[in-house]
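Next come the chains, spelled out residue by residue.
2 protein chains.
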Amino acid sequence: MPNIKLTIEYDGTDFAGWQRQKNGRSVQEEIERALAQITQKSVTLVGAGRTDAGVHARGQTANFKTDSQLSPLDYFRALNGLLPDDIAVTEAVEVGDDFSARYSAVSRAYKYTILRRPSALMRRYSWQLSYDFNINLMREAASVIRSTSDFQAFCKVEAEVDHYRCRIDEAEWHEEEDGTLILSIRANRFLHGMVRALVGTMVDVGRGYTTIGDFCWIIESKDRRHAGQAAPPQGLCLISVHY
Amino acid sequence: MPNIKLTIEYDGTDFAGWQRQKNGRSVQEEIERALAQITQKSVTLVGAGRTDAGVHARGQTANFKTDSQLSPLDYFRALNGLLPDDIAVTEAVEVGDDFSARYSAVSRAYKYTILRRPSALMRRYSWQLSYDFNINLMREAASVIRSTSDFQAFCKVEAEVDHYRCRIDEAEWHEEEDGTLILSIRANRFLHGMVRALVGTMVDVGRGYTTIGDFCWIIESKDRRHAGQAAPPQGLCLISVHY
Numbered sequence: 001m002p003n004i005k006l007t008i009e010y011d012g013t014d015f016a017g018w019q020r021q022k023n024g025r026s027v028q029e030e031i032e033r034a035l036a037q038i039t040q041k042s043v044t045l046v047g048a049g050r051t052d053a054g055v056h057a058r059g060q061t062a063n064f065k066t067d068s069q070l071s072p073l074d075y076f077r078a079l080n081g082l083l084p085d086d087i088a089v090t091e092a093v094e095v096g097d098d099f100s101a102r103y104s105a106v107s108r109a110y111k112y113t114i115l116r117r118p119s120a121l122m123r124r125y126s127w128q129l130s131y132d133f134n135i136n137l138m139r140e141a142a143s144v145i146r147s148t149s150d151f152q153a154f155c156k157v158e159a160e161v162d163h164y165r166c167r168i169d170e171a172e173w174h175e176e177e178d179g180t181l182i183l184s185i186r187a188n189r190f191l192h193g194m195v196r197a198l199v200g201t202m203v204d205v206g207r208g209y210t211t212i213g214d215f216c217w218i219i220e221s222k223d224r225r226h227a228g229q230a231a232p233p234q235g236l237c238l239i240s241v242h243y
Numbered sequence: 001m002p003n004i005k006l007t008i009e010y011d012g013t014d015f016a017g018w019q020r021q022k023n024g025r026s027v028q029e030e031i032e033r034a035l036a037q038i039t040q041k042s043v044t045l046v047g048a049g050r051t052d053a054g055v056h057a058r059g060q061t062a063n064f065k066t067d068s069q070l071s072p073l074d075y076f077r078a079l080n081g082l083l084p085d086d087i088a089v090t091e092a093v094e095v096g097d098d099f100s101a102r103y104s105a106v107s108r109a110y111k112y113t114i115l116r117r118p119s120a121l122m123r124r125y126s127w128q129l130s131y132d133f134n135i136n137l138m139r140e141a142a143s144v145i146r147s148t149s150d151f152q153a154f155c156k157v158e159a160e161v162d163h164y165r166c167r168i169d170e171a172e173w174h175e176e177e178d179g180t181l182i183l184s185i186r187a188n189r190f191l192h193g194m195v196r197a198l199v200g201t202m203v204d205v206g207r208g209y210t211t212i213g214d215f216c217w218i219i220e221s222k223d224r225r226h227a228g229q230a231a232p233p234q235g236l237c238l239i240s241v242h243y
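Each protein sequence line maps, in turn, to chains B and W.
Residue 38 in our numbering is what sits at position 38 of the first sequence, and the numbering runs on without skipping anything.
Residue 142 in our numbering is what sits at position 142 of the second sequence, and the numbering runs on without skipping anything.
Just chain B, with the same shape it has in the complex:
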């Protein structure tokens, strides 16, 4: 049975998240509905990462198995014709039978964008903060994250997981010419709410509300209540998934 891998871009603004759910519009459901229309059969889509409500994706990946004999290019064209315009399929390829977008993934990369000036064009895709930061302190916090392995302090409490260990491959703040700050973070896995909790806490460090010592203590406490407020979803984007 052919196994098709999709790369998907979406504007998370009007979605309740990636995952199918009882109340609210989800990306998974929209694509599954379009696939059912194309194949005339019920299709289950396995996504690499469950992005939250309001979070965007430039390179989400997902796969589905089907006995329909359409080519990847057929799926690419038919999906882009049928999907609402806040979802786009940027690639469709056939993959091996044992490929799973979720379990075969080696790492996921996210970006978080903080804008430091008023903007009408970036408001849907950034967190706009006008106060001053010490970017060097935020970079120090990022270097602490790079040598951290247990992220329980940055995980939503209701999350059902076996353990809280993540291998961080990249965690770096870049500052653009106009002062925009972008966190690039890549890891083998991310816990629920982890990037937004990390960004909120690093912003507290940049503002001087939390010292680097406190930041290390928060990590060691393994208690979500000690970390900062979650940064808002619209600044977050799933950039790519690596296999």
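Keep in mind that the hints are not guaranteed to be accurate.
Claimed, not checked - Listed next, the stretches of chain B that the computed footprint assigns to chain W, with coverage defined by at least 3 CB atoms under 8 Å from CB atoms of chain W:
| no. | segment |
| --- | --- |
| 1 | 2-16 |
| 2 | 20-26 |
| 3 | 112-123 |
Keep in mind the hints are simulated off the structure, nothing from the lab.
Using N, Cα and C, we set each Cβ at its ideal position, and we do this for glycine too.
Let chain B serve as the given structure and place chain W on it in line with the hints.
Quick look at chain W alone, frame taken from chain B:
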């Protein structure tokens, strides 16, 4: 009486254009209403360029005179606090009494973005075209534009103007890594609908529907009916106004 110059960014998606009008929401009206609230007086805003419905701006400029004694920083803060989030004031400065955002402007710069892949995140800010172009032909058309001075063939017929002469300072297509095409065009003035008519006609050249010879003939005909269809507004952005 202090004369205040504003630099303004807006997302044109939900506007009927810059200019105040009877039916439809305009950027000018929203800002004038906010200024009236701040100064408790009626304020008239003079804009540098009248962008059409759906066209965006990163650096529109406008000025107003007022006997209110607020500082430019006060206006900056109060406007960004009061304005809807699809308008942002990015700068407010006091200028000389004879400054007019419209009549003092030396040139205006626009960008037009053509995306050649499906995208959910750029759909509000680009024209998405999946067919093939010859970018070299489009560059040739741009070089013809650089040595053209009469643009009547690219002007909406109802426009009330004395003459159709424009001095083109820049007209250049850039191709980005992912195939995105961006026209950067700067001129002392633009006629109504001019950039979108030029882009539509240059796309016809890139697709091979219109030869460079035909393109020159269209210009010489001075007849809007000979030029191509107007490119859609969402790909167009007023980048800056120079004084």
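Structure-based check of each hint:
1. 2-16: holds (count 3)
2. 20-26: violated (count 0)
3. 112-123: holds (count 6)
Violation of the numbered hints given earlier is confined to hint 2; every other hint is satisfied by the structure.
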